[in-house]
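S.K.: Could you slot chain W onto chain V? The hints should help.
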Amino acid sequence: MGQNKNDILQGTLSLLILRTLAARGACHGYGLCGHIQTASEDLLRVEEGSLYPALHRMAQAGLLEASWGLSEKGRRAKFYEITKRGRARLQAEKADWARLTRGVELVLRTS
Amino acid sequence: MSWLKRILNILRSQRLDADLDEELAFHIAERTDELMKNGLTREQASREAQRRFGPYTRQREAARDMDVARSLEAFLEDVRYGLRQLRLNPGFAAVAVLSLALGIGANSGIFQLINALRLKSLPVPNAEHLVAVDVASDFFMSGWTQGRHRIFTYAQFAQMSEQQQAFSGLLAFGTARFNLARGGEARYAQGLYVTPNFLHVAGITPALGQWLAPDTDPRDCSGAGALLNHAFWQREYGGDPSLVGRSISLDGRSFPILGVTPPSFAGLEPARRFDVAVPICADGVFAGDGAGRLANTIAWWLTPIGRLKPGWSVERASAHMRDVSPGVFRGSQPEAYAPDAIERYLANELRVVSARAGVSSLRRDYENPLWILLASTGLVLLIACANLANLLLSRASVREREMALRQAVGASRGRLVAQLMSESLVLACLGAALGAWLAYLLSRGLVFFLTSSGRDLDVALGADWRVSGFTAALALATCLLFGLVPAMRATKGAPVDAMRGGRGSTSGAERYGLRRALVVSQIALSLVLLVGALLFGQSFRNLLATETGIVSDGVLIANVHANVPHLNPESRRAMFRLLEERIDALPDVESSAAVAFAPFSGHGWNESVHADDDAATTGGEIAWLNQIGPGYFQTLKTPLFAGRDFGPQDGANAPRVAIVNEQLARALFGDSDPIGRSFRYEAYVGNADPTYQIVGLVKNTKYGRLREEQRRIAFLPLAQADGDQKERSFVVRARGPFGNVMAGVTRRMAETDPAALVEFSVLDREVKQSASRERLMANLSGGFGLLAALLSALGLYGVMSYRVTRRRSEIGVRMALGAGRGSIRGMVLGEAGRLLFLGLALGLAASIALSRYAESLLFGLAPNDVRTLALGCALLTTVAFVAAWMPVQRATRLDPATNLRDE
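Read top to bottom, the protein sequences are chains V and W.
Residue numbers for the first sequence follow the working numbering, beginning at 1 and rising by one.
Residue numbers for the second sequence follow the working numbering, beginning at 1 and rising by one.
If we strip away everything but chain W, and leave its shape as in the complex, we get:
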């Protein structure tokens, strides 16, 4: 209350001054009158009145002090003082601000990403009421899946909508890519399949046009059209308002444009922006049968998001969804499942998780690594703070006399501490300001890194209150961490002791103890970071060195999409065959082959397989399948160990054949020769299990990514594939630059079918990108480890130089008494060694305790890998001795006579 008044006072201090002047002027006037009555002249009386009042201005100040929050004014003065101090020591200021900026910048940059992925709410009304339907951990699913999130079949979604009572609305969406080009090289837009109530449940109204009524039957496609994202509308159509009602071509089908979203809304995934959304019934339009995946009970593709009814919590909704699970799964039972699969399917349970921040696959993959990186940057910042505290402590000893003097003439200790702290605050604020800029660069660099790893990301990074708050809190915390103790120490000495002069200050030993503790903890923290960096670095190297079974270098992949209305399954097949021949005949192509989907593409197909001597109908080994044309192994340079490659003899009507890898051969037949044997996989109910005779055995290859357990793989001939495949890939080993091959393939494509689309990728890049998370961890943790080691070296150097200066006279005496350079060197090095040893011991203990948190991110080595720990210690020891060497050399070069004279 009185404080509030004081602060208000400072704002109106001008008026207050006038107020006070008037009050005192009255007093002087009255006194003058009185004195004049006693016979003095006006002049004499006035002078006497003023004299009695004492020096007028001092009087005013003393009275005013009571009114105005002097401390606030004093604070501004302190800040000016701090700035002046820093200008006097530009070297110190630069080191301090730079190390703080690096520490704060790294923290804040990583925090920005975490904020965007995890903390920020979706920009929809009452985002906290949004929940996503999820499943219990031992969930059984089998079938045809496509999607980045937790996905369900349309039948399950329909049952959920019908049986649930927890939500005022339940929407669902599926992810897709729509091609905008009408032939030639494909141009993709990020697409969504959405239920008609999508915008309604999200709480969004279109900025332009309109969207379907929320109660439209999802299967009714009569009013189907496209919803454009605001940014896409701006980008593609220049924000043309007359667009509604015109049409847009998606995968060669024309859809009327119904509406445009408001600029703030970009879907329910925080790191991705959709470009075009169509109703889920459009899947039937693309499939050509009018039903598509809506009628398919084993197609998993929809992510349901619900809006909680008022009064419902996430927990209550979760319990409710668990209760209705049996009904949902009974009502959506796939007829294709075998009896034992049905049993497991019916035992499935649903639950509900908050979707306040949306659903994100990026979060799933990167949340853990980001928290680990944030912890690392936190440690780096701590090390930087320890360094600054050390620097300030050494300055404190220099200023001890100044402080003692000021205390002796009446300055209060609190005032002096505040003054010293304000210098720290200035440093911290400058560091945070520069750090905010570095954070901006770092977070954008990270997004760029993630984007270039084959993801089309749009992370909303803007600095919101969380990011600003985080950065400000870091600045304050660091200021307290590195500033408070040195300030307390600097003002602690009794004035008399310090005034007495000389170097024999009493607090010397104590202060040195503190500085030693700081260096020891710096070394310990650096070791933790170095060990982490080495673990991640080696994991990444191990990953790149893993045997893939293919030579990816020099291989181009052409993905051809022929989902065009004028082709039927038969003509499409013929078109792909023709294209295969034409690509192989290109002059720049060394060899090429067709494949259903390229390795490392992210696509997959698995089945439960049984050897020919196994009569069981269920519980087979999981094997991963792919379909290839002749020449596939030759193109990828995968060694064929036994048997033969596919050839023209393996046509559609020939006996079904397969080539297996070593892993599958061993799983099915042990050590016996697999060639000539056969296997089958479990077909869906109503179909006979297809059986394949093995004609070849190939080396183990990686299937989807570098970081996978060796999979059992069977290759089947494309010529014997059933059904209609609308896409096909070609692996092409180029003889020269990829550009020539790409031009050639595009030309042949146009000749073969101008409406088909092609999309190129480079196999080597795809392989490396499957390790992008490991690369990120290796690069960033390596950078932080290096920074930490550097900062600790600086810290050790500072403490050792201080120590040598302090012990100058002692060293002088020793040398005068005949100690050799060797023994002096040993003495100083021994001291550094003790600090290092203590730091390493603490750091090892911390590393061993912490490294298990990184276990899931490591590859090819255990978290407590002894070699890594030893290497970390060795590295840090080297750095430490380099840092200690200069002070040691200085100690041995001291001239005893000069030292003793100084004393």
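With the rest of the complex left out, here is chain V:
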């Protein structure tokens, strides 16, 4: 039941994560939350509850690479970086997204 809704959300979330990492380079989970929120002018808020599972799944799939480092405040944090495979996936997802939004827009306009 809730499965499907979640899937769409996860699909979008990974697109957002890939896009942010591609533009900004290595970043930790907390930083990603902030960036997505500010970049979307507070329209989008990333749920912490889905962010970390998504990061781990993407790392497993080889889209991201994780390494430990120090944050700006000197705390130990895990930094994620986009891989080559991740960049390819970003292109594909971006295209998918464009097609989807265009399709939705067309439908809305005609009716």
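The reader is advised that the hints may include incorrect statements.
[To be verified] Keeping only pairs whose Cα atoms sit at most 20 Å apart, straight-line, the calculated DMTMM-like set for lysine to aspartate or glutamate is:
id	chain 1	residue 1	chain 2	residue 2
1	V	Lys-73	W	Glu-34
2	V	Lys-73	W	Asp-33
3	W	Lys-726	W	Glu-185
4	W	Lys-37	V	Asp-42
Hints were generated in silico from the structure; no laboratory data involved.
Keep in mind it's a predicted model, so treat the numbers as computed, not measured.
M.R.: For chain W alone, coordinates are given in the frame of chain V:
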């Protein structure tokens, strides 16, 4: 790759947890800082940060799920769940584990024997390069043979060694028994005659001392000595390392001990261990003439084993040996053969077979029966699996609601199937563990059985990777066989249907169809096994009931060996005569007689014979001969139909006489009276054919074993025997216990010649042992047949009870509408009968198709014996109706009112 990582993750899951904790702790700390900047207190900020994160542990689990192979952890959990389920149903668990253990144990036990005899490589380096020289199927051989394997003469072996190019070395060995005692009752060691290159070609170096140089001339006996087997060295000498250089007495001759083999090596026969090996030239020492069988071109006694040169395959070597065959046989031509025999001899062809697993006479006799038994145990296991599947299916219907409920709250079907399967896996593993123990007992029991049938066996049974692999594969296969379908079925129902409750589940009919199919196939398989058991059982009974022509009960055989240096042929003869008189005079002896070799002893002698009116020099009838003293037929109670027994008048210088059996008389003279007629047998070139006048006619007797075509037999007087016989047997009909006779004979032996040896056997045992293979088949297949019938009965009982429970309301309605008990009984029995009938029909077809594979093991009946098939059906029908009776009775006792109320 990612899977590997996941599995690695589970191993370091502790560290991973800490890793994850740290990552999330960072997030919470950052968020807390941010919230504090917005004016919250540290406490408030921290609480808010955590709240936003949601329940912390669930978060952790969700993230961790991605990393760790949850499925592996879930599996362990499932196993625990399975064990818990089984503890809740101890009855079911016991039946399941026991039937699986019986099935797996029987399979694995028989497989152990097959493995030891056929599959296991010899424990020598590169055993796969070892080959045995064999012959084409229409091989001609004639002469004096001794050995358990394919045997050749020394001349042939010498020619092979010289002409072959396929082997880096060619060894040969002959089998023997050496007596270790120096007089009195004999004590035997398993002996080998081996060529000097024996250890070298096998790839073995002695653990102690040394062996002859591989290039020693096999005929040169100057450095001859004994090679002891490691186990024999331990047993006889307590592993004394100073033994090398001392001497050992073999058949009264002393040999220096040269070396001891390493513990792993026990010869080239998988089921036998040699104790002492001597060079082949020692045969000349025992013979007393210095040459023995090495100089005899008609003595067949050596088994050649070669080691392939690098790059040579068995096929290539086989073709090569065929090519050199003409040369080998020309170079080893026996001068004693008549011209037509020479012609056939020269046409002989050699070939080569793999000897990776060694050479074994036991394998030759028992490989087929063992495969048949393995097939039977396979069927038993299938039946057991069908039973378990049935039991699980009935449990599946009970659990249908539980499964539906769990699916409704979100459990995936795969997860549920995995959980149900893990229960099956637990059952299968417990069954296999118990089965491995049963297999241990069974395989040792089988070896004991084979050993007690007059063979000195040493089968290396240990559980190697093949046996363990086989047992594990059986466990997995059975788990899939009986577990998968019920698990799929249990989780198939749409949640809503099952939740709705009641007994009207949609999958009921379909599931019942499957259970019926299982019972039908169980009945069919059981019939196949029962028919097999009956065929083997009757063969064995037929065999024991065959007319042997002798009364074996109460007869003791004393084999006397007088191959001692101080006797010459003349004094040996006199000694045997004296002994014959002394044994006959013993108070506990009813009657006794001397014989060259006892019946059923495994020894034999045949010749081509011609009647007096037949002038042909070749192509006579094959007749089997033996030499006996007076009183032989009286002792064995063989009826003398006409003429007379041998007596003192048939001495060495009297005319040569013979007593023939009916079979030989008919073959030579048809229906006319044989007494007074004569026959001769074809002597070797250069000798006149010896002619014998027939003075007596006896009833047909068995010669070597129960299972033989009636042979043509001629008995000749021992007093007229040519040559020097070093052994003689005495058949003794005892008046009381054998012990008294044995003591008496031993005493008389010591008085007559203290150096001669005696070995006793009981004729009745020898006769029965000649049917040991049939007895094994009868006992084991009988046991498996019984087990199969029992399991099928259980299966039928289960299905019928289930059916009666299911149809309770229908039966209630029928009874309420006035159906009598008789018609209800008829209805339920009819259903059982249909299942039985279908099963029997399928089983009959399978039995008829399969029984021809057992044909060579049957005796006195055809593989498709109608009476046996009918008997099998009748037995199974009886068992089935007994099994169906209880559910039927329950159906008729149902109270209609209660049933309808239940609905």
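S.K.: Against each hint, give a clear statement of whether it holds in the structure.
M.R.: To see whether the hints hold, each was checked on the structure:
1. V:Lys-73 x W:Glu-34: Roughly 12 Å separates the two Cα atoms, so the pair holds.
2. V:Lys-73 x W:Asp-33: holds (11 Å)
3. W:Lys-726 x W:Glu-185: Status holds; Cα separation ~16 Å.
4. W:Lys-37 x V:Asp-42: holds (18 Å)
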